[in-house]
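Visitor: In the order they appear, the protein sequences are chains G and B.
So the first sequence is numbered by this note's numbering: it starts at 278 and just counts up by one.
So the second sequence is numbered by this note's numbering: it starts at 10 and just counts up by one.
If you are wondering where the hints come from, they were derived from the structure by calculation, not from laboratory data.
Every residue gets a Cβ at the ideal spot worked out from N, C-alpha and C, and that includes glycine.
Hints are supplied without guarantee of correctness; some may be wrong.
[Said to hold, decoys possible] Pairwise CB distance ranges (calculated):
#1 G:S344 x B:R26: 49 to 55 Å
#2 B:E68 x G:N298: 38 to 44 Å
#3 G:Q296 x B:T60: 22 to 28 Å
#4 B:P104 x G:A370: 16 to 22 Å
#5 G:G278 x B:A88: 26 to 32 Å
#6 G:D329 x B:S74: 39 to 45 Å
#7 B:L124 x G:L331: 44 to 50 Å
[What the hints assert, rightly or not] In the SDA-like style, the derived pairs of lysine to any residue whose C-alpha atoms are separated by at most 25 Å in a straight line are:
#8 B:K66 x G:Q302
#9 B:K66 x G:S369
#10 G:K334 x G:G278
#11 B:K66 x G:N280
#12 G:K381 x B:D47
#13 G:K381 x B:K66
#14 B:K66 x G:D371
#15 B:K66 x G:K334
#16 B:K66 x G:Q296
[Stated by the list, open to error] Some, not all, of what chain B presents toward chain G, calculated at C-beta under 10 Å:
#17 L54
#18 D71
#19 Y73
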Amino acid sequence: GQNIDQPTEMTATEGAIVQINCTYQTSGFNGLFWYQQHAGEAPTFLSYNVLDGLEEKGRFSSFLSRSKGYSYLLLKELQMKDSASYLCAVISADYQLIWGAGTKLIIKP
Amino acid sequence: TAGITQAPTSQILAAGRSMTLRCTQDMRHNAMYWYRQDLGLGLRLIHYSNTAGTTGKGEVPDGYSVSRANTDDFPLTLASAVPSQTSVYFCASAPQGTSVPDTQYFGPGTRLTVL
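Use the sequences and the hints to build the structure in full.
Guide: Put into structure tokens, the structure is as follows:
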């Protein structure tokens, strides 16, 4: 079967750094997305990885290891507005998007 | 730019009634999708359309139907609603949708409660 695992919830402090992990087992791999979803709102695109390594985009970075079936999203200099759910999604061999359940990130002052 | 719009924003529906959730995009994207999102579960694909005139079943299609008469509109119909269809429904679109990794763009969602 196809499976994506993320922690259900994480808590971090304003100004700190947090790493949200995602592990996957899918039938093939054509890339991995991270989306951000604030409560009551739609998911919005954050990043896309298809090759191994780190992609940096401002305060957010995303890492991929295809051999380990593993990705993480790194958020630096946390702000209160970063409180949201972060969704990991993998593109399988037939280009279907498989979604994780999301990680709810709580930022405390 | 409107992007993707959905209507209604929320709805309370009696079990056994039918309802159509509307989705319209103005980005001329080929592919469109309907998801449901339930607490503790990931987004689950209900139906999709890779291009106007074609549709396909996703992971949880039972009890739902769709049509894609043109590029812009992708309505989702519940023929006879049941309480288990209480959920938040998101419509999404993607520029190409087939055989390429493609970013999906989401509408604001419809919160549906079936009593």
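Visitor: Hint by hint, note whether the structure agrees.
Guide: Verification of the hints:
Checked against the given bound of 49 to 55 Å, the beta carbons of S344 (chain G) and R26 (chain B), roughly 51 Å apart, stay inside it. Between E68 (chain B) and N298 (chain G) the CB atoms are about 24 Å apart, so this pair departs from the stated range of 38 to 44 Å. At about 39 Å, the beta-carbon gap between Q296 (chain G) and T60 (chain B) misses the expected band of 22 to 28 Å. About 21 Å separates the C-beta atoms of P104 (chain B) and A370 (chain G), a value consistent with the hinted range of 16 to 22 Å.
Taking the beta carbon of each, G278 (chain G) and A88 (chain B) are about 29 Å apart, inside 26 to 32 Å as hinted. Between D329 (chain G) and S74 (chain B), the C-beta spacing of about 41 Å keeps the proposed range 39 to 45 Å intact. Taking 44 to 50 Å as the suggested C-beta distance range, the pair L124 (chain B) and L331 (chain G) conforms, at roughly 48 Å. Note on K66 (chain B) and Q302 (chain G): the hinted pairing holds, with a Cα-Cα distance of about 22 Å set against a maximum of 25 Å.
As the CA atoms of K66 (chain B) and S369 (chain G) are separated by approximately 16 Å, the hinted pair is consistent with the 25 Å bound. Taking the CA atoms of K334 (chain G) and G278 (chain G), the gap is near 32 Å; set against the 25 Å cutoff, the hint is violated. As the CA atoms of K66 (chain B) and N280 (chain G) are separated by approximately 19 Å, the hinted pair is consistent with the 25 Å bound. The straight-line distance between the Cα atoms of K381 (chain G) and D47 (chain B) is roughly 14 Å, inside the 25 Å bound, and the hint therefore holds.
Of the pairs offered as hints, the one joining K381 (chain G) and K66 (chain B) is violated, with about 29 Å between alpha carbons and a cut-off of 25 Å exceeded. Using a Cα cut-off of 25 Å, the hinted pair K66 (chain B) and D371 (chain G) holds, with the two alpha carbons roughly 14 Å apart. Distance hint between K66 (chain B) and K334 (chain G) is unfulfilled; the C-alpha atoms sit about 35 Å from each other, more than 25 Å. About 35 Å separates the Cα atoms of K66 (chain B) and Q296 (chain G), which puts this hinted pair outside 25 Å; it is violated.
Satisfaction of the interface hint for L54 (chain B) is found here, the shortest Cβ-Cβ separation to chain G being roughly 7 Å, below the 10 Å cut-off. Because the beta carbon of D71 (chain B) sits about 18 Å from the nearest beta carbon in chain G, more than 10 Å, this interface hint is broken. The interface hint given for Y73 (chain B) is broken, as the beta carbon of that residue sits about 17 Å from the closest beta carbon of chain G, more than 10 Å.
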